[in-house]
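Student: Each chain, written out:
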Amino acid sequence: MRIALFVTCLNDALFPQAGIATVTVLERLGHTVAFPDAQSCCGQMHANTGYAAPARRLERLTGAAFAGHDVIVSPSGSCVAHLRAHTGLPAYELSELLIDVLGVTDVGATFPHRVTYHPTCHGLRALRLGDRPTTLLRAVKGLQLIDLPEPEQCCGFGGTFALKNAAVSGAMLADKCANAATTGAEYLAAADNSCLAHIGGGLARHPAAPKPIHYAEILATTGAHP
Amino acid sequence: MGNSSRKIVAIMGVGTVSRELPIVAITPFAVAAERELGDAQLRANLGRATRTIRDKRARVVAEVADWEPMRDRAAAVKDEVLDNLSELLARFEAAAVAAGATVHHATDAAHANAIVTELVKEQRAESVVKIKSMATQEIGLNEALEAAGITPIETDLAELIVQLADDTPSHILVPAIHYNRSQIRDLFARRMPGFTATSDEPAVLAGAAREYLRRTFLAAKVAVCGANFAIAATGSLVIVESEGNGRMCLTLPETLIAVVGVEKLLPRFADLGDFLRLLPRSSTGERMNPYTSIFTGVTPGDGPQRLHIVLLDNGRTQVAQDPVGRAALRCIRCSACLNVCPVYERAGGHAYGSVYPGPIGAILSPQLTGQDAGFNKTLPYASTLCGACYDVCPVKINIPEILVHLRQTGSKPAAERAAMSTLSWVMRDRRRWRAALRAARSGAAPLRALTRRRGGTLRRAPWPLSAWTAHRDAPLPAAESFRDWWRRTHESS
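Protein sequences, first through last, are from chains V and E.
According to the numbering used here, the first sequence is numbered sequentially starting from 1.
According to the numbering used here, the second sequence is numbered sequentially starting from 1001.
Treat the hints as calculated values from the structure; they're not laboratory data.
Since the model is a prediction, treat every value here as computed from it, not as a measurement.
Please note: incorrect hints may appear among the correct ones.
Derived SDA-like pairs: lysine to any residue, alpha-carbon spacing no greater than 20 Å straight-line [to be verified]: (1) E:Lys1412 <-> V:Gly88; (2) V:Lys164 <-> E:Arg1417; (3) V:Lys164 <-> E:Thr1198; (4) V:Lys164 <-> E:Pro1413.
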């Protein structure tokens, strides 16, 4: 199948590994990935911070960049939710594409580590991903999945909320990090690098805490290390 | 804290805040929240209480097989009310008057307070007993009555606690959620006439309050209530409560004054069934509330002989004109959204500066009193848009959608506007975007080298990113952007 990748502006600039991992998994499964070069941002950050006009221009740009593509994948739950609500593009979060469209649960990955999974708010409540990401993780060879306490609690990122309400955001983050630390996992995985940038930034200040990782990077790994 | 801080700000004359409007944020939310976060006792009380209620709610909602269709029906009924507001109000008034009630129309808080004060004075009453009511809190009725020399006595236990403490409520349903029982015992010992108990057992404290309240019920000439629902077809009012204090107020005094927001209407009596199932499960996590009172007009020789109904607008018909924001008027004040909100759980109700706190307050206060009043425009940003509130709302108010709508219609800081517009300009052109990514990569190169040993994240950054690094490390631009990797690996032919 020919699948167009919406990598997201954040991954493009800060976390290219998530995009590379998405391409790696899909190509390993025998699919062709396209990367429309005109893409940049879906407009979510502008829209949610209150800037409707620039958001609409970015939504239109994204719509035009992906015109004619029947299947679009993105390693970001919140960007997929925004695209779906505002562009009508046939966009799928990676776990939706793998399970619902391609019918795959075992992507042939090996990752011999203890992993806990944080279901981000947009994955949980906007896309209703349910157990799709953990179904994929459970099929990874060597991976031991450990439950995260209070998984459905927001990590406190919320885009510009993290800056505008830094104290409350920090309090929510402290609770998320404390829960992650109790699992004894080596990695905390999630489906959104925006949340992971925030959680990972908190975990970096806890010496024994798990390392943040996008779950696509786990699915792409076939050796001992991501 | 609430009262005193409001007075201080009123003296300083910040914004356009008037003390007749207890639904205005008088401090920027972030500032108020940071102050409340410092109160460890408050955080412990709130964390424990909200967790208990939300677990109870989840259990009893899971028992109801048709919960989702019921939410859809309730939302549709409330939208029907908003679509036909003036017609249904006329129908309600005609039915209530035919049953012996007197109906008044109040355009705003001051108008409603004047009507109620005059009605109490007519009865030559020096005090009134009150049933817990959000509408009377919204208009600041207690303060208005006190100014006229009339003593309002709250009879809901938690409202009584808040009143004795000279405090303001911090939760719609559990106004004293920020107190634990030993704090309540100390308060009763100081402020409740005749209180002698030394125990802080809940039964002992409730018993003391019951003794005190029983004397007031029997002496009261006038009661003031709100209403959970008003049935347009029959002119009936419905009050849902847990303690029985409401039933006392509705039956003992000779005069009853009900202050009812116009959005409380339901078209038909048959609509009530769904709402009486939705409300207790959403609010207290009970299958059914202990007391439901439905009363219509006046019955000679039985109960109050004078029933006055004050229909309160106070900004509601204006909110009903906003095609997105109007859904906030579906609210039945259950407070399920507060109990699941991670921001409310940490900041507490007082941080919202309004009698309507939490997610529903963040969309109601700025709409009812205007985004430019006080610091109302900071309230729509008091959310991560996590969506937990929308999931539990019994009338399906899409709170995150309205929060974003209010952010988009409210005014914003000039520096932020400039930054956001520059960013979108860069992102709208692939050459500009690639150049920006490369510039960021080169600029961050020395920092990447410096931070490599610690995992490649930045511990301290200058303003404005210092707000980020105060609580967490910051990521750095990657050594190679995704699009450069793609060009190198997939377009190198």
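Student: Next, verify each hint and record whether it holds.
Tutor: Quick rundown of the hints versus the structure:
| no. | hint | in the structure |
| --- | --- | --- |
| 1 | E:Lys1412 <-> V:Gly88 | 29 Å, violated |
| 2 | V:Lys164 <-> E:Arg1417 | 14 Å, holds |
| 3 | V:Lys164 <-> E:Thr1198 | 45 Å, violated |
| 4 | V:Lys164 <-> E:Pro1413 | 12 Å, holds |
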